[in-house]
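Work the whole structure out from these sequences, hints included.
In this text, residue positions in the sequence shown follow the numbering used here: the first is 1, and each later residue adds one.
Keep in mind the hints are simulated off the structure, nothing from the lab.
Honestly, I wouldn't trust all of these hints.
Okay, derived cross-link-like pairs now, BS3-like style, lysine-lysine, Cα gap no bigger than 30 Å in a straight line [as the list claims (entries may be wrong)]:
id	residue 1	residue 2
1	K395	K465
2	K282	K16
3	K478	K468
4	K487	K468
5	K516	K468
6	K202	K183
7	K171	K214
8	K214	K111
9	K378	K395
10	K16	K193
11	K171	K111
12	K282	K381
13	K378	K62
14	K202	K171
15	K16	K217
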Amino acid sequence: MSETQLYQTVPLQSGKLAQIAHYTEQEIDMYRGNPLIECLPPILSQEEAFDQLSYEPNYDPKERELSSHFRYHGLMGMTRFFQPVRQHLDLQDRFSRFIRHGYTGRNPLAKNHTEVLNEFHKGLLEGKAIKDIPDIRSFASSFTLMGYSGIGKTTAIERILSLYPQMIVHKDPMNVIQIVWLKLNCPHDGSLKSLCMDFFSKIDNLIGTNYFEKYGKPRNSISSMITRMGQISRLHCIGALIIDEIQHLLTSKDNGSEKMMNFFVTLVNEIGIPVMMIGTMKARTVLQRDFRQARRGSGQGDMVWQQMERNDDWDILIESMWEYQWTNNFTELTSEINDTLYEESQGIVDIAVKLFVLSQGRAIRTSQEKITPALIRKVAKEELRLVQPMLRALKSGLISEIEKYEDIIPMDVEDYLKEQMPQIDLKAKIQAKKEAHEERRQEKELSIIEHVVSSLISLDYDPVKAEKTVMKVLKELKNPTKQEVVKRAMELLDEKPKKKVSKNKSTNKLQKLVEKGKKKRFSAYDSLYHDGYIKNPMKELAV
1 MSETQLYQTV
11 PLQSGKLAQI
21 AHYTEQEIDM
31 YRGNPLIECL
41 PPILSQEEAF
51 DQLSYEPNYD
61 PKERELSSHF
71 RYHGLMGMTR
81 FFQPVRQHLD
91 LQDRFSRFIR
101 HGYTGRNPLA
111 KNHTEVLNEF
121 HKGLLEGKAI
131 KDIPDIRSFA
141 SSFTLMGYSG
151 IGKTTAIERI
161 LSLYPQMIVH
171 KDPMNVIQIV
181 WLKLNCPHDG
191 SLKSLCMDFF
201 SKIDNLIGTN
211 YFEKYGKPRN
221 SISSMITRMG
231 QISRLHCIGA
241 LIIDEIQHLL
251 TSKDNGSEKM
261 MNFFVTLVNE
271 IGIPVMMIGT
281 MKARTVLQRD
291 FRQARRGSGQ
301 GDMVWQQMER
311 NDDWDILIES
321 MWEYQWTNNF
331 TELTSEINDT
341 LYEESQGIVD
351 IAVKLFVLSQ
361 GRAIRTSQEK
371 ITPALIRKVA
381 KEELRLVQPM
391 LRALKSGLIS
401 EIEKYEDIIP
411 MDVEDYLKEQ
421 MPQIDLKAKI
431 QAKKEAHEER
441 RQEKELSIIE
451 HVVSSLISLD
461 YDPVKAEKTV
471 MKVLKELKNP
481 TKQEVVKRAM
491 ELLDEKPKKK
501 VSKNKSTNKL
511 QKLVEKGKKK
521 RFSAYDSLYH
531 DGYIKNPMKE
541 LAV
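Have a look at this one:
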């Protein structure tokens with residue numbers, strides 16, 4: 001089948017596009033014959049994952065020659081830069097196993113799949129809890145990803161999720177919309193009901209259903225919501241549920257965190273939905289206390305991401321990023337610059353990238369047009385004030401200090417650049433106006449010079465002296481008219497004997513008239529016109 005056929009899409013009631021299922025025979029025996037697995041993208045090697053996870057902004061080195069406001073637009077593209085390192089490739093491997101393993105117990109072609117849905121419906125009618133519904137066999141697992149804010153957890157999982165179509169439409173041998181993954185944010189108040197409501201809303205937004213209207217209103221009880229979530233998850237074959245910002249459970253009241261964790265246990269153990277949780281290190285105490293019972297023998301394990309070490313991974317990341325420069329002068333990456341970036345970011349990738357971008361923005365704005373270690377340190381101090389306490393804690397290496405600042409979020413570099421751009425644009429606009437004004441002034445001055453010098457030459461003043469005198473008058477007078485310049489220039493020239501262009505004067509009658517007119521400050525044209533030797537062409541030729 002061609003690539004075009006392989007990735008055909010169809011619009012859903014929501015208006016979103018879903019991929020039409022294309023089934024590929026699996027190499028792993030336990031994956032064979034399961035359409036929910038056979039329609040997924042191929043299992044990637046490390047090399048393939050590296051290529052597909054990478055995101056490099058479009059860039060042309062010639063853009064360094066553009067005006068500053070254009071280069072700021074280029075800088076914004078760097079905010080999406082993503083260079084995978086070993087921990088990202090490890091996460092991609094785990095997620096690939098995680099989602100496929102969860103589907104092994106939910107083959108829609110198997111007899112028990114329909115039976116389970118029927119049991120759910122029957123249980124709802126009888127008011128039974130999920131755990132009392134028989135024949136639900138779970139192969140699902142769970143794992144957690146914890147790390148400091150800005151370490152790149154959310155960005156990494158979103159890049160990995162982008163490798164999978166979120167919705168796949170199956171038409172034969174079954175008719176179902178498969179939701180491969182669903183990502184929710186843990187409510188700020190740790191409310192379980194809010195999370196359930198968000199679940200229904202997200203499903204409706206994806207496929208155009210009205211589950212929120214039916215089951216997600218505040219009047220519905222939490223227990224009924226959870227049961228309906230189980231039914232919907234089975235019906236739409238949700239492959240994985242990702243819960244981000246799990247540390248918000250710490251703010252919940254009335255044993256809210258315990259209820260939420262029990263809910264996740266139910267999703268994994270009873271409903272069979274793999275659950276991945278992402279949070280800062282603050283979530284560790286909740287997860288270790290309340291989520292142990294959800295552990296299953298999947299072999300995925302939990303991941304803890306701390307700042308990067310100053311090793312080959314770091315060097316590869318910085319070297320890849322360093323090519324994207326929009327300053328007029330390209331700065332070579334030196335060991336000193338690399339060390340400075342690490343020191344000021346403490347190995348937090350998000351901060352390192354933003355420092356690189358902000359330093360370029362500062363270099364462009366100040367016309368320095370070059371990145372230096374001193375500039376990076378200055379930008380870190382002035383533009384990343386909010387994260388300085390966290391960075392100092394990381395430098396200290398004391399866990400007690402680090403835990404105080406785990407939820408500090410680095411500034412949004414795009415907002416910063418947007419704030420700076422109007423200043424840059426205004427500066428460029430003012431400069432352009434100044435240049436245009438100066439150009440018009442010079443053109444006006446040149447026009448006056450040409451006109452006045454030409455008039456003086458026609459009156460037989462020496463051309464060189466006439467030009468020098470006019471230039472002198474222009475410096476002397478402020479915004480003079482041509483008539484004012486002619487008058488003042490003649491006054492200065494008449495202070496000295498006039499040097500005529502020709503010493504041999506004609507004695508004919510016309511010449512005498514011109515000479516006579518000069519004494520009255522008439523031009524040759526005006527003298528001859530006054531005495532009737534020439535006529536006004538506009539009057540003579542007028543019809």
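Here's how the hints hold up against the structure:
1. K395 to K465: violated, 75 Å
2. K282 to K16: Violated, at roughly 36 Å.
3. K478 to K468: holds, 17 Å
4. K487 to K468: holds, 15 Å
5. K516 to K468: It holds: about 26 Å lies between the C-alpha atoms, which stays within 30 Å.
6. K202 to K183: Holds. K202 to K183 sits at ~9 Å (cutoff 30 Å).
7. K171 to K214: Measuring from Cα to Cα gives roughly 26 Å; hence the hint holds.
8. K214 to K111: Roughly 28 Å between the alpha carbons, so the hint for K214 and K111 holds.
9. K378 to K395: holds, 18 Å
10. K16 to K193: holds, 27 Å
11. K171 to K111: holds, 18 Å
12. K282 to K381: holds, 26 Å
13. K378 to K62: Roughly 28 Å separates the two Cα atoms, so the pair holds.
14. K202 to K171: OK: K202 and K171 at ~23 Å, within 30 Å.
15. K16 to K217: Within the cut-off at roughly 24 Å; holds.
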